[in-house]
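Turn these sequences into a full structure, and let the hints guide you.
2 protein chains.
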Amino acid sequence: MSIRVAVLGHGVVGSGVAEILLHQKDCIFAQRKEELELAYILDVRSFPDLPYASLFVQDINTILQDESVSVVAECIGGATVAYDLVSACLQAKKSVCTSNKELIATRGNELFAMAKENGVNLLYEACVGGGIPVLRPIQTCFGANNICKVSGILNGTTNYILSRMQETGCKMEEALKEAQQKGYAEAVPTADIEGHDAARKISILASMATGKYVSPFDLPVCGIQNVTAEDLKYASVYDCSVKLIAEFEAENEGAQLSVGPCLVPNSHLLAHVNGVQNAVRVVGDMVGETVFYGPGAGKNPTASAVVSDMITLTNLAPVERIYWSSEPAKISEKEKTADYYVRFSGQSGAKPLSGFENVSFLSDPENQATCAVVVKNTSRSRLEKALADANIGLIARVMA
Amino acid sequence: MSIRVAVLGHGVVGSGVAEILLHQKDCIFAQRKEELELAYILDVRSFPDLPYASLFVQDINTILQDESVSVVAECIGGATVAYDLVSACLQAKKSVCTSNKELIATRGNELFAMAKENGVNLLYEACVGGGIPVLRPIQTCFGANNICKVSGILNGTTNYILSRMQETGCKMEEALKEAQQKGYAEAVPTADIEGHDAARKISILASMATGKYVSPFDLPVCGIQNVTAEDLKYASVYDCSVKLIAEFEAENEGAQLSVGPCLVPNSHLLAHVNGVQNAVRVVGDMVGETVFYGPGAGKNPTASAVVSDMITLTNLAPVERIYWSSEPAKISEKEKTADYYVRFSGQSGAKPLSGFENVSFLSDPENQATCAVVVKNTSRSRLEKALADANIGLIARVMA
Chain A
2 MSIRVAVLGH GVVGSGVAEI LLHQKDCIFA QRKEELELAY ILDVRSFPDL
52 PYASLFVQDI NTILQDESVS VVAECIGGAT VAYDLVSACL QAKKSVCTSN
102 KELIATRGNE LFAMAKENGV NLLYEACVGG GIPVLRPIQT CFGANNICKV
152 SGILNGTTNY ILSRMQETGC KMEEALKEAQ QKGYAEAVPT ADIEGHDAAR
202 KISILASMAT GKYVSPFDLP VCGIQNVTAE DLKYASVYDC SVKLIAEFEA
252 ENEGAQLSVG PCLVPNSHLL AHVNGVQNAV RVVGDMVGET VFYGPGAGKN
302 PTASAVVSDM ITLTNLAPVE RIYWSSEPAK ISEKEKTADY YVRFSGQSGA
352 KPLSGFENVS FLSDPENQAT CAVVVKNTSR SRLEKALADA NIGLIARVMA
Chain B
2 MSIRVAVLGH GVVGSGVAEI LLHQKDCIFA QRKEELELAY ILDVRSFPDL
52 PYASLFVQDI NTILQDESVS VVAECIGGAT VAYDLVSACL QAKKSVCTSN
102 KELIATRGNE LFAMAKENGV NLLYEACVGG GIPVLRPIQT CFGANNICKV
152 SGILNGTTNY ILSRMQETGC KMEEALKEAQ QKGYAEAVPT ADIEGHDAAR
202 KISILASMAT GKYVSPFDLP VCGIQNVTAE DLKYASVYDC SVKLIAEFEA
252 ENEGAQLSVG PCLVPNSHLL AHVNGVQNAV RVVGDMVGET VFYGPGAGKN
302 PTASAVVSDM ITLTNLAPVE RIYWSSEPAK ISEKEKTADY YVRFSGQSGA
352 KPLSGFENVS FLSDPENQAT CAVVVKNTSR SRLEKALADA NIGLIARVMA
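In the order they appear, the protein sequences are chains A and B.
Just so you know, the working numbering puts 215 at position 214 of the first sequence, and the rest follows in order with no gaps.
Just so you know, the working numbering puts 121 at position 120 of the second sequence, and the rest follows in order with no gaps.
In short, the hints are calculated from the structure, not lab data.
Hints are supplied without guarantee of correctness; some may be wrong.
Repeated chains share a single entry, so a pair holds when one copy, or any two copies, can fit it.
As the list claims (entries may be wrong) - The calculated lysine-lysine pairs, modelled on PhoX-like cross-linking and capped at a C-alpha distance of 25 Å, are:
| id | residue 1 | residue 2 |
| --- | --- | --- |
| 1 | 352 | 234 |
| 2 | 377 | 352 |
| 3 | 150 | 213 |
| 4 | 300 | 183 |
Here you go:
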């Protein structure tokens with residue numbers, strides 16, 4: 002017996018899913034004891050030269066009306082066309098899995114309700130951490146825990162750029178160009194560079210951790226656009242690496258969330274996560290600190306997660322849903338104090354910081370042009386206020 | 002409605018399970034939408050001063066005959082009494098979870114068959130990596146992959162000892178004493194120090210990866226007993242850390258398995274896993290390299306994994322078993338070549354190694370007493386043969 006499945010979209014991830022379904026039949030069968038038969042691939046383009054060219058369709062109705070297709074993988078991206086197609090599949094009583102974090106982070110609530118209503122399921126392991134198992138383990142292996150904190154390097158593009166800048170001392174433009182040549186960055190890399198991709202992922206993780214919805218628009222998001230080769234040098238003087246960190250922390254006052262460049266002490270495991278690798282650190286009140294590490298993007302790793310979801314969807318009891326409630330999670334307004342790295346110019350030395358107790362100079366204190374310091378135990382807003390007349394190049398939290 | 006459960010054994014892990022069931026009611030309910038009610042604790046001792054003293058029983062029949070108890074956690078250890086009790090529970094149609102790696106690695110086959118026969122389930126996430134989710138993720142998130150390789154730091158006691166020796170330069174006896182004082186090592190630490198605990202864990206991982214049974218008695222096992230403070234110094238000259246590595250590799254000729262001290266390059270993530278932490282590196286042919294990191298032992302982390310299994314057992318469809326076949330996996334007899342670190346004495350310098358092409362000295366080549374070298378691209382047996390007349394202190398593979 003075989004189970005018929007379909008793939009929506011034949012881009013990087015979609016083609017990976019198709020290839021795995023066709024080439025990894027043996028190991029899928031070994032696990033599932035049934036074959037997964039790729040019945041259709043939906044794409045507006047046609048690919049006449051592919052050995053599986055006959056599977057392409059351009060009309061979603063072909064898939065919707067084929068009752069023998071029970072599972073569909075959405076690999077299109079974006080939250081418009083993909084939303085319409087996923088809704089249509091769920092309403093046609095087909096379970097869906099997706100690698101589309103924008104879709105799940107912004108419209109997951111509606112889709113979960115739709116899946117429930119139609120007695121089917123919706124999985125999205127590939128949305129966070131690419132090939133790294135992280136959503137399912139949080140859901141199924143931490144049931145005895147309150148999740149206190151999730152901190153992650155969740156974007157492979159920016160991590161590649163920062164790693165290359167650190168290794169070679171090059172400028173961001175050069176590292177970005179290299180990333181684009183290697184296929185690690187898109188032609189228009191805004192969503193990655195400016196932190197929006199990481200924000201979507203931490204919003205999914207925070208929603209799972211709290212059981213309530215955290216919107217990616219409800220958190221302060223800063224990308225790596227202001228990080229310079231200089232900052233990486235100063236950070237290494239402080240025995241730190243610079244990483245784009247997305248973080249959720251459960252506090253009494255509600256969830257604390259942020260996405261931004263951080264100085265990560267080199268004694269910390271996350272400082273050693275380089276290139277396109279991702280890592281998600283999950284802290285539970287019983288288990289303590291755990292870290293999930295692996296390829297955060299790329300064709301085969303992401304497709305691996307999608308296909309594993311497809312296998313699961315063919316036998317998952319409908320009760321085991323990995324959904325949060327649509328009720329919004331309480332977001333904390335409280336500003337926390339931390340150690341902050343700040344690089345600024347246009348002010349002579351540490352003068353504007355004279356009111357702060359503990360300031361370490363990373364740049365030459367006599368240099369009037371650029372000032373790079375770590376200010377201990379302060380709030381970001383106090384720092385910004387003190388430096389209102391200066392030209393702030395970068396503020397980055399130092400991870401505890 | 003509540004689901005009644007029982008715990009066998011009130012040692013370190015068993016008491017942790019009891020406490021989590023009693024104190025983490027809210028988060029268990031949030032996930033499960035039903036309460037888990039601790040009905041009985043089986044122990045030969047009684048604990049009259051505990052607030053939950055009334056739950057203790059000494060006769061397993063009390064639990065077996067109570068039909069309202071559907072899930073039992075075994076936290077006794079060993080493969081004799083624990084085997085009898087687990088069999089009795091399965092035969093009484095109660096699902097079981099356990100943190101007992103010796104039991105699963107040596108008698109898992111029989112117990113899986115018994116669980117299947119009786120229409121119940123047996124879970125054992127806590128057996129490998131303590132609180133780290135690793136068995137379930139391998140089973141549920143890598144379905145599109147052939148698992149090519151699993152390498153792990155699977156024993157917290159030895160990792161603590163090696164980390165302390167590296168940090169402080171102390172002797173093993175001192176580090177062991179410290180580990181015992183902190184509760185990280187047992188009074189008789191043989192199973193940990195000599196690598197048997199790690200062997201049980203890699204046999205479980207290899208059985209899952211191949212889908213066939215790998216016995217812990219079928220692999221070459223070496224512990225850390227011969228590692229000296231000197232070796233750690235030589236390793237650091239070579240920019241490596243020393244770790245007890247348990248490894249499985251799928252080869253055409255069958256499974257390659259080993260447990261032994263290795264030199265891990267400091268550029269590798271596993272080199273930065275210190276203290277009682279564990280890490281499991283899993284390589285799949287589609288996903289690539291992933292690492293699962295966290296507390297490998299300890300009361301709360303291990304109990305966290307056991308209770309999460311209990312929660313899962315209360316709703317897991319019986320089809321979703323994480324079992325391997327009882328058929329033995331094919332073990333490769335082929336000896337692989339690698340770079341090897343070897344420390345020896347009783348032979349002058351590198352003379353016995355003159356037949357090897359690439360030998361790097363880590364010790365002073367003029368020192369006649371002790372010789373520490375890395376020999377590249379050789380087999381262990383060739384090295385042993387060449388040094389037959391020398392006194393070999395330690396042979397350790399250098400991880401690639």
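Index of numbered hints that the structure contradicts, given in increasing order: Violated: none.
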